[in-house]
Amino acid sequence: MRTLFFAVAMGLITLTAAAQGGDPNIAAKYAIGEIKSIDAAAKQLTIQTDAGSTLTVSLTDKTTYKKLAPGETSLTTATDVTFADLAQGDRVMARGTVSADKKTVPALQVVVMTKGDLAKKQEAERLEWRRRGILGVITALKPETKEITISNRTMAGTQAVVIPVSDKTDMRRYAPDSIKFADAKPSDFSELKVGDQLRALGDRTAEDPLKFNPQKVVTGSFRTVGGVVTAVDPATGEIKINELEKKRPLTIIVKQDSVLRRFPAEMGAMGGFGRGPGGPGAGGQGGAAPAGGGQAQPGAARPQGAGGPGAPGGPRGGFNINEMLERLPIISIADVKVGDTIIVSSTQGVDPTRLTAISLVAGADTLLAMLAPRPQAGQTPNPAGGLGGSGISFGIGLP
Numbered sequence: 000m001r002t003l004f005f006a007v008a009m010g011l012i013t014l015t016a017a018a019q020g021g022d023p024n025i026a027a028k029y030a031i032g033e034i035k036s037i038d039a040a041a042k043q044l045t046i047q048t049d050a051g052s053t054l055t056v057s058l059t060d061k062t063t064y065k066k067l068a069p070g071e072t073s074l075t076t077a078t079d080v081t082f083a084d085l086a087q088g089d090r091v092m093a094r095g096t097v098s099a100d101k102k103t104v105p106a107l108q109v110v111v112m113t114k115g116d117l118a119k120k121q122e123a124e125r126l127e128w129r130r131r132g133i134l135g136v137i138t139a140l141k142p143e144t145k146e147i148t149i150s151n152r153t154m155a156g157t158q159a160v161v162i163p164v165s166d167k168t169d170m171r172r173y174a175p176d177s178i179k180f181a182d183a184k185p186s187d188f189s190e191l192k193v194g195d196q197l198r199a200l201g202d203r204t205a206e207d208p209l210k211f212n213p214q215k216v217v218t219g220s221f222r223t224v225g226g227v228v229t230a231v232d233p234a235t236g237e238i239k240i241n242e243l244e245k246k247r248p249l250t251i252i253v254k255q256d257s258v259l260r261r262f263p264a265e266m267g268a269m270g271g272f273g274r275g276p277g278g279p280g281a282g283g284q285g286g287a288a289p290a291g292g293g294q295a296q297p298g299a300a301r302p303q304g305a306g307g308p309g310a311p312g313g314p315r316g317g318f319n320i321n322e323m324l325e326r327l328p329i330i331s332i333a334d335v336k337v338g339d340t341i342i343v344s345s346t347q348g349v350d351p352t353r354l355t356a357i358s359l360v361a362g363a364d365t366l367l368a369m370l371a372p373r374p375q376a377g378q379t380p381n382p383a384g385g386l387g388g389s390g391i392s393f394g395i396g397l398p
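Read in order, the letters of the sequence shown are residues 0 to 398 in numbering that gives the first Met the number 0.
Hints are computed from structural coordinates only; laboratory data are not their basis. Careful, some of the hints might be misleading.
Derived DSS-like pairs (lysine-lysine); straight-line CA-CA distance at most 27 Å [stated by the list, open to error]:
no., residue 1, residue 2
1, Lys179, Lys239
2, Lys179, Lys102
3, Lys28, Lys61
4, Lys101, Lys42
5, Lys101, Lys179
6, Lys141, Lys35
7, Lys210, Lys145
8, Lys215, Lys179
9, Lys184, Lys141
10, Lys101, Lys28
So the derived label-pair ranges between C-beta atoms look like this [claimed, not checked]:
no., residue 1, residue 2, range
11, Pro328, Ala40, 50 to 56 Å
12, Glu265, Ala181, 30 to 36 Å
13, Ser98, Asp60, 17 to 23 Å
14, Ala205, Gly70, 48 to 54 Å
No experiment lies behind these values; they were computed from the predicted model shown. For every residue, glycine included, the Cβ atom is placed at its ideal position computed from N, Cα and C.
Construct the entire structure; sequences and hints are all you get.
Spelled out as structure tokens, the structure:
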């Protein structure tokens, strides 16, 4: 029972507390949160839960301290540490009787997962999802066989990939207005909808490169919109835009966990992002771009897994747009300027005119121009054309 209790308690969500309402990281006998400040003289910690609640943890000479590695679920693997080993940014579970107002907890024991250990685990998980993951938009569902078909978009075009799930597949789903990968809730096949975005971790089958066997599947109903920035307020975390497609004003809410990136204008002229006949992955003679960027060299070796001449490539073949976006440099809201063209992805929220950003890419006019269908003679180019069809599916982030 102790192991089970600890496994649930150190998780990001405590089901019992959540069912009763209130902060799911605060229970009668413990509170879980990130250390925001340490008062060594007063022997106190200030911690903040994932839901934003703040508590004061008071410590005594009898308080014990344990360090647990991320992913471990039993104190049998924990090591003894001291108060001096605690640091701002560490994640802790303070065990003790929480006050009625849920503002204080006198801790009999503090269990810590250090900021450094958590960062290493998160980076390892991100690398695994990038190495063995696939991302796309659901285009078809077969309830009788539990098969999901997604449109996986690369610079070479789109391809249909079939993902069969079973009762053993770990399925999770973003809630409305949620922006964190870690907050995705347990889900099942019945909640899926055509048009949802999907990210899966698993492997391609040896027999069919367009079939993907998943271990984990995360889905959500997202909006992806493009617009031109008309105002930026870093103090409130709000960006106002005029939407490209529907020509209406929208307000973008940028929170702490929102990920903002900038697409460099020079990237459109780099090798490996060519289009049309003869471009890389299009069945012509275009070569692969070198790993460090620069112009593609004719006849250069293609990246492993890329499709050959005339072939669309496997799920990880070609130049995956979403993977490219995830590797762009991170910026802050202060780096977004009036006049920038941005692409924003968010969950479907309550107010359609206010979007809480999961991912935002500034400098997106170059990207949209690259993705938009070439206009026929006499047609006016559509700046939002790159968002049509299967579109850019970068709503679901990484761990």
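Status of the hints after comparison with the structure:
no.: 1; hint: Lys179 / Lys239; verdict: holds, 22 Å
no.: 2; hint: Lys179 / Lys102; verdict: holds, 25 Å
no.: 3; hint: Lys28 / Lys61; verdict: holds, 17 Å
no.: 4; hint: Lys101 / Lys42; verdict: holds, 19 Å
no.: 5; hint: Lys101 / Lys179; verdict: holds, 25 Å
no.: 6; hint: Lys141 / Lys35; verdict: violated, 47 Å
no.: 7; hint: Lys210 / Lys145; verdict: holds, 13 Å
no.: 8; hint: Lys215 / Lys179; verdict: holds, 16 Å
no.: 9; hint: Lys184 / Lys141; verdict: holds, 22 Å
no.: 10; hint: Lys101 / Lys28; verdict: holds, 11 Å
no.: 11; hint: Pro328 / Ala40: 50 to 56 Å; verdict: violated, 41 Å
no.: 12; hint: Glu265 / Ala181: 30 to 36 Å; verdict: holds, 34 Å
no.: 13; hint: Ser98 / Asp60: 17 to 23 Å; verdict: holds, 21 Å
no.: 14; hint: Ala205 / Gly70: 48 to 54 Å; verdict: violated, 30 Å
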